[in-house]
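Chains as they are written, first to last, in numbering that gives the first Met the number 0: chain A, 0 to 484; chain B, 0 to 220.
Hints should not be assumed to be uniformly reliable.
[Unchecked claim] Derived Cβ-Cβ restraints for the label pairs, each shown as a range:
1. A:Gln342 / B:Gly78: 33 to 41 Å
2. B:Arg1 / A:Thr462: 53 to 61 Å
3. B:Ala23 / A:Ala440: 34 to 42 Å
4. B:Arg1 / A:Arg452: 38 to 46 Å
5. A:Pro57 / B:Ala23: 17 to 25 Å
6. A:Glu61 / B:Gly180: 17 to 25 Å
7. A:Arg186 / B:Glu61: 27 to 35 Å
8. A:Gly145 / B:Ala23: 45 to 53 Å
9. B:Gly180 / A:Arg205: 41 to 49 Å
10. A:Ala213 / B:Asp111: 20 to 28 Å
11. A:Glu422 / B:Lys22: 41 to 49 Å
[Said to hold, decoys possible] Subject to a maximum C-alpha distance of 30 Å in a straight line, what follows is the list of computed DSS-like cross-link-like pairs (lysine-lysine):
12. B:Lys22 / A:Lys365
13. A:Lys399 / B:Lys101
14. A:Lys399 / A:Lys371
15. A:Lys371 / A:Lys419
16. A:Lys47 / B:Lys101
17. B:Lys101 / A:Lys315
18. A:Lys371 / B:Lys101
19. A:Lys44 / A:Lys118
20. A:Lys315 / A:Lys399
21. A:Lys399 / A:Lys419
22. A:Lys365 / A:Lys315
[Stated by the list, open to error] Far from chain A, by Cβ distances over 12 Å, these chain B residues were calculated:
23. Pro24
24. Pro43
25. Glu61
26. Val71
27. Gly78
28. Gly94
29. Gly97
30. Arg100
31. Asp111
32. Leu112
33. Gly113
34. Glu117
35. Arg176
36. Tyr178
37. Gly220
Calculated directly from the structure, the hints in this document are not laboratory data.
Where is the CB? At the ideal position from N, CA and C, for every residue including glycine.
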Amino acid sequence: MERTGTEERARREGLAGGVEGFNERARRALADPELHDSIALFTRKTLKGRAARLAELPDAPELRERAYHIKQETMANLDRYLGQMADAVEARGGRVFFARTGEDVVRYVGELAREKGAKVITKSKSMATEEIELNRRLEEEYGELGLEVVETDLGEWIAQLAGDAPSHIVAPIMHMNRHQIARVLSRVAGEPLPPDVRALAGFARRRLREKFLAADIGISGANFGVAETGTVCLVTNEGNGRLVTSVPPVHVVVMGIEKLVPRFEDLEVFVQLLARNGTGQKLTVYTSFITGPRQEGELDGPEEFHLILMDNGRSKLLGTEFEEALYCIRCGSCLNVCPVYRQTGGHAYGSTYSGPIGAVITPLLKGDREAKDLPHASSLCGACWETCPVGIPLHDLLLKLRNRQVEEGLAGKAQEIAFKGFEEAVERPALYRAGARLGRAAQRPLVRDGSLRRLPPPLSGWTDFRDLPPLAERSFRELWREGID
Amino acid sequence: MRREEFLESIRHRTRYGRYQPTKAPDASWTPREGRGRVEIGDPPSRFLEELEALGGHGRRAEGWEEARDYVVELAREAGARLLVRWDVEELERLGADGPLRKAGVEVAVWRDLGDFREVAGRADIGLSTAEWAIAETGSLVLESGPGKGRTVAILPPVYVAVVPAERVVGTVSEAIRMYAGRGSLPQNLCFHTGPSRSGDIEQSLATGVHGPGEVHVVLVG
């Protein structure tokens, strides 16, 4: 099925223009069988690999428990560990910048590019820079520098060329098939490229290699930062991360403050959990540990190393009931198991982070009003919690977010009245019994094939997206009174 | 933003937040059967197995001569014109420079290079040794340093490492612990595990997208 230009534009607008409208986008995604097949292919394959890789590890449950406790300790002392990391980076000759917002990051990078007279910036995949839309803002706010900012992860590069946003933390262009990709790359090549994986990857290698060698600045994210040594740990499979951090004379790291771990030995836990859970690998092809700029007598590697520690709303979760959302290592496992994500894909969420973790952190970072739909884009089945390699109770956090919406009066009048009514009824048995009898009578014309498919407003809010089991013909209390056979 | 101000606001939140999470995962929930440490019988053979499974090429050589022949033969087969290598003792011992030049392959040693980009970017083969190798995952542990260029192992399309067999350690945990608590880390430490790979296009495996698509490791001894 071809996606029309209008649809494509609408998808982009959904992403750029706030995150409302989950239901509408989800409905469109559900009508796209190709998208559904792509998601199924990826999630099944990854979950199978994940299960096999975890089964090989006799101490996988202990690693998960250790990971949780390491993160808990980190967050309780985050100020101290951040200070320690900054000191360690500076002791190795690196520079550290504390950025409160995304805007602070954009300005730091923009001014650095101006100072260096930079023309080409290569980037390795980074969710933190996606979150703040660094590429777009650099090009807009520093237009006079004529910067060319190039994503170098194959998937991210194709997404950038297509003007699309990543739809999965680990597999950014899972939503595109090779025919669509061939069209995007043919436009760049100026000649038709066949929809063949080898040919397309070969073209990408040749084209991006020029950029790697020409880059003035390399920008990466950080999978982990080590407070003790000032080390940034970065994992990639293609090798683009290693090129971005080894070839250009300047390396800039944009790291969310929650990516910290206290000690180098803690990485023993995290690099294994990330690879095995995220992609079903024993270890990512290139697992790099980078500490400061190049040393005396070295011929390659960056002469300058800049570490940007970015808050952008994260610190307001510290010490609150939502703190565990900061433990996330961005492996994508909760997306892969989520019955909602598996139906809708990442773009339906309309935010940088999708799936259960996206539904939790998007309202927390952007505000409840901005992302009202997302905490409801879940069946609360808890598969996300079960699979999370650091044990974040995602379903609990989603429920807490829904609760917060009610407290802030964002939940809508109908829901409030319904729950008030329910509260009254359960306190008065006679009223409850009368209500149940009334409900049974009222539902009769609406039951089809044993379930309620469509309720009249305001209850239609429920049945628009779900079927409801009807009230039993006779209640448990009635059966009990009569004696159960 | 000023460091003190930034850290102070974080300190304030961590000190005055009252919430204590209660849902910590508990490993004792999981049945204990067969749990323990990863056992690796013969680390060098396991390393070669793992590397092959990733699509790399592994070889156990009895001595340095055999390793040298492997490297020279590889360069000849690949039709290489330029090989770039680390400037380290192990590769002096390998003594492949002479035979390579005789076979018509130019050899660039990682010292006194003008622009490393020009050399490493043009090379057909990169040659290095490794500090350690990890049996559990088929990984090489590469340290940067004088004479040990990062790009030797990442820019050329073919990469070969010659590593003494006694440097193969068991697990990833062991390798990380060797660096934990060490005073000073190399600027770039890399666990390099098989050929460069991408599954970004329809989850079909594409090798050599950015890094080398062909990886050879010769274990010596």
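Evaluated hints:
no., hint, result
1, A:Gln342 / B:Gly78: 33 to 41 Å, "51 Å, violated"
2, B:Arg1 / A:Thr462: 53 to 61 Å, "54 Å, holds"
3, B:Ala23 / A:Ala440: 34 to 42 Å, "48 Å, violated"
4, B:Arg1 / A:Arg452: 38 to 46 Å, "60 Å, violated"
5, A:Pro57 / B:Ala23: 17 to 25 Å, "21 Å, holds"
6, A:Glu61 / B:Gly180: 17 to 25 Å, "21 Å, holds"
7, A:Arg186 / B:Glu61: 27 to 35 Å, "54 Å, violated"
8, A:Gly145 / B:Ala23: 45 to 53 Å, "51 Å, holds"
9, B:Gly180 / A:Arg205: 41 to 49 Å, "43 Å, holds"
10, A:Ala213 / B:Asp111: 20 to 28 Å, "24 Å, holds"
11, A:Glu422 / B:Lys22: 41 to 49 Å, "27 Å, violated"
12, B:Lys22 / A:Lys365, "25 Å, holds"
13, A:Lys399 / B:Lys101, "72 Å, violated"
14, A:Lys399 / A:Lys371, "13 Å, holds"
15, A:Lys371 / A:Lys419, "22 Å, holds"
16, A:Lys47 / B:Lys101, "50 Å, violated"
17, B:Lys101 / A:Lys315, "66 Å, violated"
18, A:Lys371 / B:Lys101, "71 Å, violated"
19, A:Lys44 / A:Lys118, "40 Å, violated"
20, A:Lys315 / A:Lys399, "16 Å, holds"
21, A:Lys399 / A:Lys419, "19 Å, holds"
22, A:Lys365 / A:Lys315, "11 Å, holds"
23, Pro24, "3 Å, violated"
24, Pro43, "17 Å, holds"
25, Glu61, "29 Å, holds"
26, Val71, "25 Å, holds"
27, Gly78, "18 Å, holds"
28, Gly94, "23 Å, holds"
29, Gly97, "24 Å, holds"
30, Arg100, "22 Å, holds"
31, Asp111, "9 Å, violated"
32, Leu112, "6 Å, violated"
33, Gly113, "10 Å, violated"
34, Glu117, "9 Å, violated"
35, Arg176, "6 Å, violated"
36, Tyr178, "6 Å, violated"
37, Gly220, "25 Å, holds"
Hint violations for this structure: numbers 1, 3, 4, 7, 11, 13, 16, 17, 18, 19, 23, 31, 32, 33, 34, 35, 36, all remaining hints satisfied.
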